[in-house]
Every structure is written in C-alpha cells, then in structure tokens.
Amino acid sequence: MIQKKICLLGTSGVGKTSLIRQYVEGIFDKKYLTTIGVKIDKKLVQLEHQNVQFMLWDIEGADRYSVFQERYLRGAAAYIIVVDQSRSPSLIEGMDIHTLVRQVHPCPTVLAINKSDLETRWHWNSKELADYKELFDLSFHTSAKTGEQVELMFTELAELLTKER
Amino acid sequence: MDKLPSSEAVDADKQQLQQLQQLRELLLGKDHQLIADVLQRHARGMVGSVLTEALHDRQKQDGTIDKVLQPIVESSVEQSVSSHSDRLIGYLYPLVGSLVRKSVRAFLTDFIEKTNQLLENSLTVKGIKWRIRAKQAGVSFAQYAASQTFVYRVEHLLLIHRETGMLLNSVNYNEHNSSNVDVISSMLSAINDFVADSFTRTSDGNEEQLQTISTDNFTLLIKPGPYALMVAAVTGNAPQQLNDKMQIILENLHRLYDEELRKYDGDATVFTNTESQLRECLLAEHKDAEQQKKKTPWMALVLIGLVTVAACWWGVKWWQSQQLEDAIREIDQQPGIVLQRLSANLDQSVSLDILRDPDAIAVDDWLQQQQIQVPSLNLRERHYHALDGVIVQQRAQRIVADFPDVVLQWQGQQLVLTGNISASGKPNLLARLQSAGFSESDNLDVQQLGIQKLNLDSNHSVLQQMFKQQVGKVTVIQLDFDVASDQINASAQLLLDDVSLRYQHLKLLADSLGYQIGLVIIGTSDQSGSRQKNERLSQSRASNTESALIVLGLNSSELYSVGLGQIEVNSISANARKVLFNVIYLDNIESKEGQEPQ
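Protein chains in written order, with numbering that gives the first Met the number 0: chain H, 0 to 164; chain P, 0 to 597.
Think of the hints as simulated: they come from the structure by calculation, not from any bench. Keep in mind that this is a model prediction, so the values were computed, not measured. Treat the hints with care, since some could be wrong.
Residues from chain P shown here face chain H by an in silico Cβ test under 7 Å; the list is partial [stated by the list, open to error]:
no.	residue
1	Met186
2	Ala189
3	Asp243
4	Gly265
5	Glu545
We put the beta carbon where it would ideally sit given N, CA and C, even for glycine.
In isolation and in its complexed conformation, chain P is listed as follows (with noise of 0.2 Å):
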C-alpha cells in the first residue's frame, strides 16, 4: 500500500518549484515569457514535422506507442457504434452487399479471363508460337508471355544493404520467393563495388554507380541510398514512373529505418515490414491495354455457352424422361399388371418388364387411354394368374358369357350363378370356373342354376346319339400300370379325372334317357410272374382304380371292378398292365338291355 506523502515532503517539493521558477526568472527574465509564447505558437508545426517518425522510433523502442493507443482507439470506436449504430448499419449495408457483389464479380471475372488465358494460350496459334519461341529464347512460357503481354512488369523487388551486400527484404510478383535471391544480391553488391572500383571517380569525387544493367529479358534498376541499394527486376520498358517510385520509398524508408540501416548486424526481420512498401514498385503495364480492357473474352463465353446450352438440352431431356418414366410408372397401380422394371432413357425409349394377367388391360392400350405417346417400347410381358377382385370378376364374366342362359351376379366376392344351362353344359362350365379360381365350396354358388329339360320326342333320337358317343369316349380311355405295380401314377390320374367328368356327363344325358348305368372296371396284367399273382394283381390294380374314382364324386353303388389276370394275346400280352372301362345301361322306358362291347 502507498504511504501518503508527509506535510514535509509537500513543502520539500514546493521549495523546490519556487526555487526552479526564480532560477528560469534570473537566467531569461522577461525573455521568459516570450520564448513561452513563441513556443506555444510554433508547437504544432515542430511536432507535426516529427511526429510519423517519432512515433515509430519509440514503437520500436519500447512498443509502448500500440498500448496507448489500443484503448483510445477500442473506446472511440465503441462510443461510435453505440451512439451511432443506425448510422453505421446505413453504411455498412449498402457496403456488405456491395462487396459480396464485387467479390462475385472479380471471381466469375477471374475465371472466365483465366479459361480464356488458357484456352487462347494453349489452342491459339499465337499461343503455340508464342511456346516456341520462349523455348528458342531458353525462358520460361511464362516469362516470353510476360514480355509480350506487359509494357514492363517489376518482376523482383530487392531491398539490400549497401555496406554488407546482404538481402534486407524481397518481393516477387508471382509470390513465390527464389531461394537464391540472397546471393544474387550479395553478387550484385559484389559487381556493384567492381564497377565503382574499376571506373575512375566522377568529377564531383563520388564513386561511380551502377544504375542500370539490361539483359535479353530484363533490365535491373539499381536505385542507391547511403545504406541501403533498391534492385528492381523489370522485364520490358521501365518507365520513368517507375524510377521515381523507387526513388520515394527508398528515401522513406532510409527516414523510417535510419537507425536500423546504419547499425544492421546480419537480422533482417526488423526490415520485414519494408514488404508493403516495396510491394508499391511491383508495377505493371499491359500492351495495348485499351484494346484488352474492350476485348471480348469470346472464346470463353462461347465455350460456357456451349456448355450452357448442352446442360440445359440435358436437363430438358432428362426432365422429359422422368415425366414419361412417371407416367408409365402408374401402369403398376392397373389390376392384373406388375411392374418389375421400367428405365426411360433421353431418346424417350422405354423398356418396361411386367406380369400380366392375360384378363388384364393390354399395354398398348392402356398407354392410349392415358394418352402417352411412346415412340420406342421394348416390352417384355409375362403372364401370370392375378387374384385382384377386378380381373376375377372379369375372367368369370369372359367365361359365363359363352353361356348365353346363365345369369352372372356377385354377393360380395361370391359368384352366384342363375339361369338355365344344358346337361351337357354344366360340367364344361364348372370345370373352366374352377381353374379360374372358383369352387363350390369356396366363391361359388350354383344351386340356383337348373338344367335345361330336353324335348324327349323332338331330341331323343339326339340325345341317344350323344349318349353313345360319350359311352364311346369312356370307352376308349386305358390306364396304364408300371411293371408287378397297382399304384396309380400321375398320368394315370389325369385319365381318371377325364373318366370321372365323363361318366358324370354321361350320368345327366342317362337321366334325360330314362336310363340305368354303371361303370365297369377292368384289371389286366402282363404275362410276367405266376398266373395266381397275376389274377391277384389285376384285381388289385381295378380295385385301386374304383376307389379313386369314388374319391373323385362318383356313386360307388354304379361302379364294378373285375380283375381279367394276364391277358392270353402273344402280340399284347407282354405290355397289359392296364385297367379298361366299359359302361352298361339299361333302357328302362323300353324295358330294353344293352350293352356295348369294346
């Protein structure tokens, strides 16, 4: 904690002050005032003179000149924005969105100059002579393009200190810095000192001076300060601009680095913020540069706009084949229709694979119900039994309309059938039902359905004839066995599905005739084996066939089954496994028996 100074230490202080007053009163008596006054009068312009190099003098010397103003400078800004903060969004407004256009502008701006540099560069005749001739010239192409686009460009910027020869700074125009660059400043002082040495002095006893030495591609400006050589390397026709640029800020910076110039000892980096000083001498020139300010990048807006125009017939294109491969796509919502792949491609081809119930809509019909306009299609359908409730209705109608008698009506998902439809008709039509998906125990409803009645006198002679040929047909069917085997196979039952739809056909046309039937069922077998096992196998295979067909709705009470054993017939005996059918009936009308034999 400080002490508070003591009533002795005040007057101490206040003996002195006086003391000091009536010394500057003896030395400068009125004076004293009057060089106050002059003074006073002169203060602005004697610290106004000094005050840039005051200020980075004691920067350096203690950094104490940031500190001081930091707070000042933070507070007057804070003051600002509080007090004024509509005024600075007004002035930052328009300067945001200005420079968020700009920065846009200068990168599109940029870029198309670059592509078209580029493709002027590369494509261009001149471009490619311009590459031989650089290669002949042994420079770079960037450098021979340099020289021929640019008045002048300042290539380097050197900073060297004239006493030791050594780099102080440098900056490049293509910002990437040669490692060498400080030996070559050292060479230069080098051949600087060479020169001044070999060369007699001049009249007014200065040393002589290398001010400029030009080669094939550049031309180096030596400007020379008391401590300190600026080294431009120019390419083309420096300017005399150019030279009192150099002049200005070589005379800065000997005023702002005096001290650091005459007592350099080998550090550079107290000279490293010389960079945007020297950065102000990297001027350049274009040839012709009215003619390039109005030079029309065509080459490279035709190139975007080719490319425009071929995004954009893409993108139209494109969009057009997901329009139509949308459109199409919708086929899949159709009933008895299964979309499994569907590609458009931009010449509006399509490929479509489907399943389709053949009761379904057709494709080509259905793209000219919807009005889609297809000019190339590769189809691949395949059919398939849909089960959606539409194309069931639709598969049961297609088949009872080839029953003009029958009467067709849903209740709910059940096919009710009404009507009238002949003997003969009956079974045709349950039999297509059924494979259609419908059965009586399920879906279907057809004890509403009556038989037609036939005109016995006028259709006797008719239906006799029918009778006979369906006996016939019963008749003619054989089912084979495979060797010492009564098992029916599968080919075996197909046959007797057929036998059992026949002789229930056979069965109505009987009633209409008034007559009596039964079925006959007949087992052989081949000569192979015992005689005894033979009668036993026949038996047994007719046996087998009777109670499959009793399984398959047919009344047990009209079949017979008999086994013949093998057959005694040298050109069949080898191969009668079989079982035959005959049907009897009986004429009850005419009290008349009949039988057809095989």
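If we strip away everything but chain H, and leave its shape as in the complex, we get (with noise of 0.2 Å):
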C-alpha cells in the first residue's frame, strides 16, 4: 500500500481542522494543534486499482504575520490549501500562503474553498476565481457541514498522485 503525506494549510478558523473530522481515523487530540502545531490523522482512500494511505498532517494556522512551520512540509506528497468563501479576505490569505509554500517546497497543490453551504462573502467574480484556480492542480467547494465533495477531493487527489508515480 502506497502512503503520502499531506498537508492541510490555511489560515485560522478556515475549517482545516472540521473538513477532515469526520472522515479519518485519529488518536490524537486536537490540542496538539496549539502546542507543537500539527495534529496527524490518517485516511485510507479506496481506489479501483489500489489503496493510498494518506497521512493528513493538519498544520496550525497561519497568518499574514506568523510564519508556518516549514519543516511540516518536508517529505509532502501535496498540500491542501483551505480558504473560507464566508470571509472576504480569506483567499487572498490563502494565496499569500499558497506562494510562500511553493517557493520552498514545489508539489502537487488543491484549493478547497471552504464552508459552501454558508453563503458567498467576498467579491470575486466567477473569472477571478477561476483564474485563482489555475493556480492549483485541483480545486473543491468543499463543506465540512454537509460533507460536500470531501470524499471527492481526497479520491480525485490520490488518483492525481498514483498517476504521477
């Protein structure tokens, strides 16, 4: 079985930490998240061909004016950048971390735009986002609320992976 690490970014409040809840399998608790800053959980995603085991490494949230830990994203497979579409300038925080993180560690990259069944807050048109889009390899509207393409996104990411090997 092929195992991959990947890491959840965003800054805080985004839901990194509600998106993958209630879809892994975890033993520790999220006080780990304030005090070393990462909390690990793990999720088996059901191929047709194979099984990828994915090490979600929920990383604690950053801001304009707190740098991540780096050295989380050594060895990752990709990353999932998590913005909230019900705070304005959640995307372009999540933009400004998208390009720290590929400046030091170039990888696969998803944008999941968080919180879908709360309604629209921040101005982008449909262009604009689009244009964000193409910035990642993959991009959801995801709900940690209804569970909206969550399953999708892990599914459409460890196939994107599988065929990189």
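Join the two chains into one complex using the hints; note that each chain is given alone, in its own frame.
Here you go:
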C-alpha cells in the first residue's frame, strides 16, 4: 500500500480541522495543534486498482504575521490550501500561503473553498475565481458541515498522485 | 535458426581487436602491464569490500542473482548428497533425533512454565498485588508484569522515513501490530521537528535531535540516521548494548537500502525484508536472571504430581474393578444361572442381577468357590426353571433321593428308574418328576420300577386304614358349577386332577387289599328353573365329569354317573350346583360288601 504525506494549510478558522474530522481515523487530541502546531490523522482512500493511505498533517493556522513551521512540509506529496468563502480576505490569505509554500516546497496543490453551505461573502467574480483556481492542480467547493466534495477531493488527489508515479 | 558468422565479419572483429590493442599501447605504453598486475593483485580486496552491496543492488535491479545462484547451489547440493550420502545421513541422524527431543522438551518446558506463570500470576498474593497496582497505574496487567519481570524489554521497534515521517516497517514483541503505529510514527517525527525548530542549533551547526523520551512506563530511544530514524519503545532501563545494536542495524539498513531510502515515494513494501534485522533489536533481560533460571516451577510440578497421582489411583481402581467384573462375569457360564446386569464400582462394590434355578449353585457359594472377595454385593436374584442338562439331572437326583429304594440311572437324556417303591409313593414320585420336567412319554422310564408287596398278614389292618382315609379324601371333594352350566371350569379341573390321582392311589391300595372298587359321580342342581330341566342339568354335569376323568386316565368301567336333580333342602337348595363323589368297594376275600355313605 502506498502512503502519502498531505499537509492542510490555511489561516485560523477556515475549517481545516473540521474538514477532516469526520473522515479520518484519528488518535490524537486537537490540543496538539496548539502545543506543537500540528495534528496528524490518517485516511485510507480506496481507488479502483489500489489503496492509498494519506497521512494528513493538519498544520496550525498561519496568518500574514506568523509563519508556519516549514519543517512540517518536508516530504509532503501534496498540500491542500483551505479558504473560507464566508470571509472576504480568506482567499487572498490562502493565496499568500500558497505562494510561500511554492517557494520552499513545490508539489501538487489543492484549493479547498470551504464552508460552501454558507453564503459567499467575498467580491470575486467567477472569472477571477477561475483564474485563482488555475494556480492549483485541483480545486473543490467543500463543506465540513454537509460533507460536500470532501470524499471527492481526497479521491481525486489520490488518483492524481498515483498517476504521477 | 542462427546464421553462422561470415568470414568477413570474423575478419572485421579481429581487426577491431588489433586496433584496440594498438590504442592501449599508445596510451599506456609500458605501464599497461604494470596497471594490469596491480589491478590483479588488489582485485580480491576491491571486490570483497563491495560484494554484499553489489549483490543486493543487482538482485534488486533485475533479480538475476537468484537466477544465477539457484542452479549452482542446487547442483552443488545435489552432487554433495549423491557423493556423500552416507556422510549426510551421519550428519542428519543425530540432528533429527536431537531436533525431535529438543522440540518435545521445549514444548514441555514451555507448557510447565506457562502453567506455573498462570498459577503464580492468578493465585499468588504477588499476582493479585500486581493486578491491583496495574489497575491503579492504568496499564494492562501484561505491561505491569513485564515491567516487574524484566530489567528491560524492547516492546516495539519502528523504522521511520526521516523526511516524510512515514513508517517504513515495525516489529512488536507480542507479535500483534498496532493499527495506529503509522500515525504515531508521523507524530513522533513531528515532535522531533518541533524540538529541532524550537531550540537553537548545536555548536557544530547540527540540528537538535530528540534522543530519548521517557514516560512512566516507556522509554523511547530514537536513533537518527541520514534518511531514516529507528525508534525503540523500551520498558525498564535500556542498556548501552541496545543503543549500540540499534546504531549498527541502522547503519546496515542505510548501506543496504541507500537508494530506496533516498528515493522513497510512499511505497514501504521494499522495506518488508528489514524485519529480520529489526527483530535483532527486540532484546530483553529478565530480572534476577540467575535466580529465575534456578527457580523450580514447584507449583506446576505439585499440580502435575497431584494430577498424576489421582490419575494413577483412578487407573488402578478402575483396573481392579474391571478385573473383578471380568471374574464375576464368569458366573454366566454356570448352569442354571443367567446374568442380566453386572457393574463393579471403583470402591469394589458390585451390583448383580441374575436369574437362578433353585437347584443351581448359590451366588455366595460360587464366589467362595472361585475365591472372589466382594466387599459389598448388591444382589437381585429371581428364580426360574432351567433346562440345562446338569440342572435337570440334579433336580431329578434331589427328588429321587427322597425314595431310598429307587435307583436312578441315565441313558443319555433319559431317566431310568429301577428298584422298588411303595404303592403310595409311586404317584407322589411321578407327580414330582413331572413337575421337574420328566414325563413317561418323553424322558422317563419307570417300567423297571417295582411296587413293593405289602405283607398282608401284618399290614392288612394298616392298609385298610389307609384305604379308608383315601376314600374319605375322595368323597370330601365337591365340584362347583356356574348357574345353568354343565361345563367344568378351571378350578373344578384342578380338583378333578386331584380326584384322578387319589383314585389311582386308591386303586393300588384296593389291589393290595383285594377289593373291587368303583367311583360314583353324582350331579345335583339348585332349585332355579323347572324340575325336568334341573334333572337333565344334574345328569349332564355328572356325565361331563365322568368324561373328564376318563381323559385323565381312569377306567370307564369303574365309573358310574347319576343325576339327582334339584336338592330339596332349604338351607342348601339355592346353591347346590355340584358334582359329588363316592367310592363303592367290595371285599373279595371275605365276600363282604361295603359302602361308606357320605
């Protein structure tokens, strides 16, 4: 079985932890996030021909003024940038993180526009949004509340990574 | 089919070789031979230093090492076996025996040890204390027992990819793998990163590295390598020896799996073969090893001893009861005894159900005769009439023994009686023999049995007395009939048998006395119905009785039947449905006629 390290990045409150809480096997408490800045869970994704096990590194939310632990990104096969569509600056913050990560660790990236069950509060039109999505290998409109596109996101990422091999 | 090389091609090859030789001479000149010699001299060392790694790499690359080595090894082994089979058998013979013995010994030792541990851990004060303390400490009993029993023990060993934190392989002391060990590996790696990031670099510029993490129950020993970490979870105090061992194994793994570690992309299957090397680090040391070595598992031995003694006692008792049962079972062969049920218990008590002929040997006598001691015998005996030859003969002898002048002989199965018997004794003897299964028509011959002549002078009055007594006995017999019936019922038939025997006896006495006798059969009836009908009924009852007596062997010329009709006596007339008997006798010698009225 193939194992892949996947990092989840995003500013505080965008719903990274909630996004994976219901879909993973976890043994560690959320307090690890505030203690050492990371919490690790695993998720088995079953594809048609093989299974892939994701080790999901839920990295503590960073903002423009605090830099996340770059070291936690080492060896990651891909990372998921999570943004919150109910908060207007969230996308720009996500793009900032994306730019930073790209510089230190180039690898496939996924944009998860989270909280799709809530009303959109940002001013980006669909053209602008599509341009941003172009910068990522995959993008999804997810909802931790309804589960929308969460399984799909992991499955497509697994397919992308196994194709690369 | 391959084509043969043409002469042109061969010439071209030769030309190329010559050109190559010329080139070597131009480049190296006279040093060419020197370099070749030096290489030759150091070839062994050069190859030897990279042989293992080279074999590993080539095997991994295309799997050809196996293919090359397999036929060579097979052929060598085959040749060795065929050329030196005697030697091989000589080597194997002690090995096989020793292996079997070792395996059996290991099994027994393990069994005894486990039993002892189970008993000690479950039943002893120490075991109970450990359980309580383990509960208080919130750890499993096995973990607590291990911490108390071992100076140290390596419980888990993890091989982790340093860059990704992924688990490459793991081994466990208790054989069962934890499903979360991969998550733990990653988290451990994250903690290591956290520590490295949180503290300043060392003076030589290297990152800080976690070497040891200690908890109440475990110590995590972390050995970092360039591409992989080795982590050992140890209970107790890990010795330096373990650190050294881990270091050596980690270095070996880096040498053997250098490329795989560098190019790791998430596929851990290539590291499956590292298990045997990781297992070398699963070390443990018992507390008070010397003392434990000498310690005798006395509880297990005592238990096994008790079980063995109990089994032996039970076996002996069972064997004894079986012996007793087999001995008693022989009673079934005894004539006149049929064994129906036999059971001997462990306490030697015996339950015995039999059918026994009264003439067969008694059970107690038989046991005594066979010298069988039975402490407690529960005997259920029912009598039956056996037809075994021996029993029948014994029965006949017992009957005949009551008649001292009668001689008994056997002609095959036929009983032949000779000698003399009194006139009154003969019917008695015949009746008893008949009830014992002898009849004149079948297996009894009494033709040679003489009747003792009575001395008339001295015994006449005695015979007369006996005659009169017999007459009296006949005349008191009365047959009863049902209302309006002339049929002889079952109870009347029994009385008729008696009348027949007594009349025959009377006849013998009459012959001795010289009397002529006749039997008068008198039928009567009650007053119900008409007088004519009652007369016919009484006559019919008398006639039927006469016919029945003729059937029983009496002479018809000595019988006379008469019907009296209804009896006109008030007190008896209601139930006078009877047949009465009377005997008329005439004394020839004294020409005297007599009749005994009833």
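Now for the hints, and whether the structure bears them out:
| no. | hint | verdict |
| --- | --- | --- |
| 1 | Met186 | holds, 5 Å |
| 2 | Ala189 | holds, 5 Å |
| 3 | Asp243 | violated, 29 Å |
| 4 | Gly265 | holds, 5 Å |
| 5 | Glu545 | violated, 114 Å |
When each numbered hint is compared with the structure, violations occur for hints 3 and 5.
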